[in-house]
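Number of protein chains: 2
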Amino acid sequence: MTLPKVLIVGAGGIGTINALALDLNGKADATLVVRSDYNLVKEKGYEINSSMYGNFHNWRPNHFVPSIDVAAKEHGPFDFIMVTTKNIPDGPSSCESIIESAVTPGFTTIVLMQNGIDIEVPMKKAFPNNVVLSGVIYIGSSNENGVVTAKGTDTIRIGSFNDNPKEFAAMEKFAEIYQIEGKNTVVVDHECRKARWEKLVYNVSFNPLTAIVNMDVNRCQIHGANETLIRPAMRELIAIAKSDGYDIPEKTMEFFIHIGDGFFYCPSMCIDTRKKQLMEIEVILGNPLKVAEKNGVDAPILNTFYNLLKLKQMQLKEDKGLVKIDKEDYVGNNSDEYPSIFIEKNNLK
Amino acid sequence: MTLPKVLIVGAGGIGTINALALDLNGKADATLVVRSDYNLVKEKGYEINSSMYGNFHNWRPNHFVPSIDVAAKEHGPFDFIMVTTKNIPDGPSSCESIIESAVTPGFTTIVLMQNGIDIEVPMKKAFPNNVVLSGVIYIGSSNENGVVTAKGTDTIRIGSFNDNPKEFAAMEKFAEIYQIEGKNTVVVDHECRKARWEKLVYNVSFNPLTAIVNMDVNRCQIHGANETLIRPAMRELIAIAKSDGYDIPEKTMEFFIHIGDGFFYCPSMCIDTRKKQLMEIEVILGNPLKVAEKNGVDAPILNTFYNLLKLKQMQLKEDKGLVKIDKEDYVGNNSDEYPSIFIEKNNLK
Numbered sequence: 001m002t003l004p005k006v007l008i009v010g011a012g013g014i015g016t017i018n019a020l021a022l023d024l025n026g027k028a029d030a031t032l033v034v035r036s037d038y039n040l041v042k043e044k045g046y047e048i049n050s051s052m053y054g055n056f057h058n059w060r061p062n063h064f065v066p067s068i069d070v071a072a073k074e075h076g077p078f079d080f081i082m083v084t085t086k087n088i089p090d091g092p093s094s095c096e097s098i099i100e101s102a103v104t105p106g107f108t109t110i111v112l113m114q115n116g117i118d119i120e121v122p123m124k125k126a127f128p129n130n131v132v133l134s135g136v137i138y139i140g141s142s143n144e145n146g147v148v149t150a151k152g153t154d155t156i157r158i159g160s161f162n163d164n165p166k167e168f169a170a171m172e173k174f175a176e177i178y179q180i181e182g183k184n185t186v187v188v189d190h191e192c193r194k195a196r197w198e199k200l201v202y203n204v205s206f207n208p209l210t211a212i213v214n215m216d217v218n219r220c221q222i223h224g225a226n227e228t229l230i231r232p233a234m235r236e237l238i239a240i241a242k243s244d245g246y247d248i249p250e251k252t253m254e255f256f257i258h259i260g261d262g263f264f265y266c267p268s269m270c271i272d273t274r275k276k277q278l279m280e281i282e283v284i285l286g287n288p289l290k291v292a293e294k295n296g297v298d299a300p301i302l303n304t305f306y307n308l309l310k311l312k313q314m315q316l317k318e319d320k321g322l323v324k325i326d327k328e329d330y331v332g333n334n335s336d337e338y339p340s341i342f343i344e345k346n347n348l349k
Numbered sequence: 001m002t003l004p005k006v007l008i009v010g011a012g013g014i015g016t017i018n019a020l021a022l023d024l025n026g027k028a029d030a031t032l033v034v035r036s037d038y039n040l041v042k043e044k045g046y047e048i049n050s051s052m053y054g055n056f057h058n059w060r061p062n063h064f065v066p067s068i069d070v071a072a073k074e075h076g077p078f079d080f081i082m083v084t085t086k087n088i089p090d091g092p093s094s095c096e097s098i099i100e101s102a103v104t105p106g107f108t109t110i111v112l113m114q115n116g117i118d119i120e121v122p123m124k125k126a127f128p129n130n131v132v133l134s135g136v137i138y139i140g141s142s143n144e145n146g147v148v149t150a151k152g153t154d155t156i157r158i159g160s161f162n163d164n165p166k167e168f169a170a171m172e173k174f175a176e177i178y179q180i181e182g183k184n185t186v187v188v189d190h191e192c193r194k195a196r197w198e199k200l201v202y203n204v205s206f207n208p209l210t211a212i213v214n215m216d217v218n219r220c221q222i223h224g225a226n227e228t229l230i231r232p233a234m235r236e237l238i239a240i241a242k243s244d245g246y247d248i249p250e251k252t253m254e255f256f257i258h259i260g261d262g263f264f265y266c267p268s269m270c271i272d273t274r275k276k277q278l279m280e281i282e283v284i285l286g287n288p289l290k291v292a293e294k295n296g297v298d299a300p301i302l303n304t305f306y307n308l309l310k311l312k313q314m315q316l317k318e319d320k321g322l323v324k325i326d327k328e329d330y331v332g333n334n335s336d337e338y339p340s341i342f343i344e345k346n347n348l349k
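Protein chains in written order, with the UniProt record's numbering: chain A, 1 to 349; chain B, 1 to 349.
Hints are computed from structural coordinates only; laboratory data are not their basis.
Please note that the accuracy of each hint is not assured.
Since copy identity is lost for identical chains, a pair holds within one copy or between any two.
[Claimed, not checked] Straight-line distance between alpha carbons at most 30 Å, and here's what the computed DSBU-like set of lysine-lysine pairs gives:
id, residue 1, residue 2
1, K324, K151
2, K276, K324
3, K327, K317
4, K276, K317
5, K290, K124
6, K327, K251
7, K320, K275
8, K317, K275
9, K251, K27
Assemble the whole structure, with the sequences as input and the hints as a guide.
What follows is the structure, encoded as structure tokens:
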């Protein structure tokens with residue numbers, strides 16, 4: 001029997017652990033796309049420190065390749081593509097364009113292992129004849145120059161966006177190849193939108209806040225942000241989810257508030273700004289705010305977070321050379337005239 | 001005839017130009033307090049490049065001293081103290097405590113050459129028997145290591161907080177010693193609160209925004225912030241001013257929107273964060289928001305700006321050693337339990 005072929009796109013903290021789990025389980029023929037670290041992995045492999053799968057030195061996935069195109073040519077066609085890259089539709093490459101060359105129309109199941117709401121919309125538009133699944137992950141994992149540290153348990157809520165039998169079959173198959181008794185958990189969730197809203201309670205507040213002020217979650221909390229910004233932002237998100245038909249209890253909010261007590265950690269968006277990497281602002285904030293607007297829900301804090309982060313994103317793009325500002329295009333008033341104009345306009349005594 | 005004695009506290013872009021104007025006019029015996037640059041000024045003086053007073057090499061004020069205490073001992077008692085320092089009531093030294101040793105009760109007139117609303121309240125409380133005046137300044141001036149660059153015109157709206165004859169007399173006297181025909185302008189404003197609200201339209205929006213995103217005004221505008229954040233924030237301030245009895249026309253907002261077209265400049269609060277200096281968040285945002293709360297005016301963007309900047313201010317304080325976070329005090333949950341707790345709490349299928 002030929003094993004199902006799985007491509008994992010994105011070799012960060014999540015993708016590397018996914019590849020490890022699939023290889024350990026032996027029920028799939030997995031390939032990991034490793035772009036920036038390819039030579040490093042080729043030379044010495046990964047150093048894995050994980051609480052659920054144990055520790056590995058010089059570990060290399062069964063297959064790893066430097067690009068999607070190589071993967072498609074050498075290891076396809078794929079039964080599953082797990083998308084674990086960042087999801088930045090306002091960046092230079094959409095997830096659809098990244099995976100395109102490895103998707104077999106009508107055959108490959110695409111599993112979006114990413115945060116945010118409505119992330120399936122552009123993917124389904126690009127691949128209308130493919131099954132697209134939701135993967136909501138609960139793990140604390142990072143990959144720093146080939147050193148992968150994974151804490152907690154590796155839990156995936158594999159979910160259906162459309163609640164149809166074709167998706168259910170694909171979900172069952174995914175659970176079968178991924179789940180390892182006693183080591184990880186795959187929860188089959190026939191309707192995943194609630195799980196996505198729930199996880200956003202965390203992501204919509206801690207990620208933007210820490211990215212904007214460049215401070216860890218716990219310091220923000222010590223300095224009063226639970227009351228001034230975090231709970232108010234979470235409540236806005238809960239109101240948006242409610243307008244979309246999903247009731248999220250206050251206790252979920254309180255659970256997230258205390259999830260990192262004592263850890264002094266920075267969520268991914270804060271780390272992105274420190275590393276000068278683009279942030280996932282559209283899927284985390286932009287899409288929920290579109291739902292808010294459609295349903296007439298007021299969300300002033302999330303709107304302010306979003307608009308501030310859009311400016312920071314433009315700065316990151318300019319730093320990366322993706323955007324260029326030519327000052328000559330913007331020569332206008334002469335601020336030397338400021339005081340006299342101002343005083344004249346206001347009819348001083 | 002003895003000249004009136006004037007002490008200028010704060011030798012930044014404003015204070016140095018104030019000292020220069022008073023010395024050039026020759027109608028006051030001025031003393032400038034120069035703290036950090038004292039040795040530099042003693043050795044080679046200031047380099048002044050000003051559009052209103054001309055250029056000066058190695059310029060030294062008639063009197064300059066390293067501290068308020070020395071000023072009080074050697075050059076007092078003072079008819080006027082011009083306070084041109086930053087105003088940071090949440091910092092280590094309030095303006096009242098800074099000038100205290102140079103204030104002669106019942107005699108010295110204190111001129112607050114600073115932005116913000118209700119800045120006179122703590123000053124009047126500290127010196128109940130002294131006249132406290134408002135100085136609203138319209139000048140673009142900076143002092144970078146003894147090089148002072150001043151553009152535009154030096155215009156001061158000298159104003160009365162209390163609208164009483166004793167203040168009016170002090171204002172007239174101040175105008176007399178400061179005004180130099182053809183070089184600067186002193187506007188005597190019998191009720192200054194409107195001027196303070198007007199200038200806040202600018203300060204409440206551009207200063208926080210650029211400090212939060214660490215980007216110049218013009219880039220923010222190019223990337224859409226006029227619509228998303230700047231005008232909305234200004235409108236909140238205008239609504240607060242209105243609740244306080246002051247009507248500020250939309251054209252004032254539009255004037256400020258275009259005041260720096262083509263200049264790609266950073267306002268003071270943004271520069272403060274870059275230099276890791278504490279910011280004037282209480283007088284610029286905190287006090288207007290107190291008025292908003294008292295009068296029931298909704299100001300969610302300004303509130304969000306304020307709460308974000310309070311976090312940034314705490315980080316600046318921690319960097320300066322004014323605040324210490326002991327992580328041991330905050331050990332709480334164990335985030336390793338995150339996935340299982342979360343899933344249990346939410347009763348997954």
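These are the hints, each one checked on the structure:
no. : hint        : result
1   : K324 - K151 : between (40 Å within a copy, 29 Å between copies)
2   : K276 - K324 : both (16 Å within a copy, 28 Å between copies)
3   : K327 - K317 : within (16 Å within a copy, 35 Å between copies)
4   : K276 - K317 : both (9 Å within a copy, 25 Å between copies)
5   : K290 - K124 : within (18 Å within a copy, 49 Å between copies)
6   : K327 - K251 : between (50 Å within a copy, 26 Å between copies)
7   : K320 - K275 : both (12 Å within a copy, 24 Å between copies)
8   : K317 - K275 : both (13 Å within a copy, 24 Å between copies)
9   : K251 - K27  : neither (38 Å within a copy, 69 Å between copies)
Checked against the numbered hints above, the structure breaks only hint 9 and satisfies the rest.
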